[in-house]
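Here the protein sequences come in this chain order: A and B.
Taking this note's numbering, I'd label the letters of the first sequence as residues 5 to 116.
Taking this note's numbering, I'd label the letters of the second sequence as residues 222 to 337.
Derived from the structure by calculation, the hints contain no laboratory data.
One or more hints might be untrue.
[As the list claims (entries may be wrong)] Derived lysine-lysine pairs resembling DSS-like cross-links, with alpha carbons at most 30 Å apart: (1) 19/A - 82/A; (2) 82/A - 45/A; (3) 58/A - 45/A; (4) 332/B - 48/A; (5) 291/B - 45/A; (6) 48/A - 276/B; (7) 82/A - 55/A; (8) 58/A - 299/B; (9) 45/A - 294/B; (10) 294/B - 48/A; (11) 48/A - 82/A; (12) 336/B - 299/B; (13) 276/B - 332/B; (14) 294/B - 55/A; (15) 19/A - 291/B; (16) 58/A - 336/B; (17) 45/A - 329/B; (18) 299/B - 332/B; (19) 58/A - 329/B; (20) 336/B - 276/B; (21) 329/B - 82/A; (22) 332/B - 58/A; (23) 299/B - 45/A; (24) 82/A - 291/B; (25) 294/B - 276/B; (26) 329/B - 299/B.
All values derive from a computational prediction rather than experimental measurement.
Each chain, letter by letter, is given below.
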Amino acid sequence: EAGVTQFPSHSVIEKGQTVTLRCDPISGHDNLYWYRRVMGKEIKFLLHFVKESKQDESGMPNNRFLAERTGGTYSTLKVQPAELEDSGVYFCASSHGSLELFFGEGSRLTVL
Amino acid sequence: AQTVTQSQPEMSVQEAETVTLSCTYDTSENNYYLFWYKQPPSRQMILVIRQEAYKQQNATENRFSVNFQKAAKSFSLKISDSQLGDTAMYFCASLNYGGSQGNLIFGKGTKLSVKP
């Protein structure tokens, strides 16, 4: 069974550009989560989808971040326009109603 | 605000020895869960062990065990008979019972190196 996959693994962009990160959860997992780890800091919760609905988006930093999960399958996280402080590793995780979250390897974003 | 503190940024241990990673947390809730996650180099983060706060008995998973001290808000992880494959970043995390599922509060992590 395939795990949670994230793409791209690493993205380098200029300040002001747009980047879209994608997450494919484990098949059948209704719950999908986005987290972010800025260098040297804690991993922070961004938001939680249940199927295609946003259950909790309290961790989204500002309106430059847009997360979607059309059809309740894969999810995208778009940052537009990117700022220097957006650099970090973005993790996606999925679960099937239990407390065990299955994480992807993360997408590293570098904003220059 | 809830916080999780891991006071050891890096640790090392010799293969086959025992190591303990520290974690303290701060919460006003009475019911919550605590987790240890492991992220090997260039790999996914995986759940190592979970503890429900209402359970007094310390959780164990093979070579991994915790020392849960609720009054002290301490949740350390002990790895026995360390193996080279235990080399990884270890994250301690908390989750309020009944709160938003998945809204984990993480510590900054401890980088563990197991040396041959």
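Original post:
Has the given pair, residue 58/A with residue 299/B, been kept, meaning a C-alpha gap of at most 30 Å?
Top reply: violated, 37 Å
**OP:** Would you mind confirming whether the straight-line C-alpha gap from residue 58/A to residue 329/B stays at or under 30 Å?
**Re:** holds, 26 Å
Subject >> Straight-line alpha-carbon gap residue 336/B to residue 299/B, limit 30 Å >> reply: holds, 17 Å
Original post:
Can the restraint linking residue 276/B and residue 332/B be considered satisfied, given a maximum Cα separation of 30 Å?
Top reply: Since the Cα atoms of residue 276/B and residue 332/B sit roughly 28 Å apart, the hinted pair holds (cutoff 30 Å).
Original post:
residue 294/B and residue 55/A: Cα distance at most 30 Å?
Top reply: Measuring from Cα to Cα gives roughly 35 Å; hence the hint is violated.
Original post:
Is it true that the CA of residue 45/A sits at most 30 Å from the CA of residue 329/B?
Top reply: OK: residue 45/A and residue 329/B at ~6 Å, within 30 Å.
Subject >> Proposed proximity, residue 276/B with residue 336/B (alpha carbon, max 30 Å) >> reply: violated, 34 Å
Subject >> Pair hint outcome, residue 332/B versus residue 58/A [Cα-Cα no greater than 30 Å] >> reply: Violated, at about 33 Å.
Subject >> Pair hint residue 329/B and residue 299/B, alpha-carbon separation not exceeding 30 Å >> reply: holds, 18 Å
Original post:
Going straight from one Cα to the other, do residue 19/A and residue 291/B come out at no more than 30 Å?
Top reply: Distance of about 45 Å is beyond 30 Å: violated.
**OP:** Take a quick look at whether residue 299/B and residue 332/B sit within 30 Å of each other, Cα to Cα.
**Re:** holds, 14 Å
Subject >> Restraint status (C-alpha distance of residue 45/A to residue 294/B at most 30 Å) >> reply: Distance of about 21 Å is within 30 Å: holds.
Of the hints listed earlier, those the structure fails to meet are numbers 8, 14, 15, 16, 20, 22, 24, in rising order.
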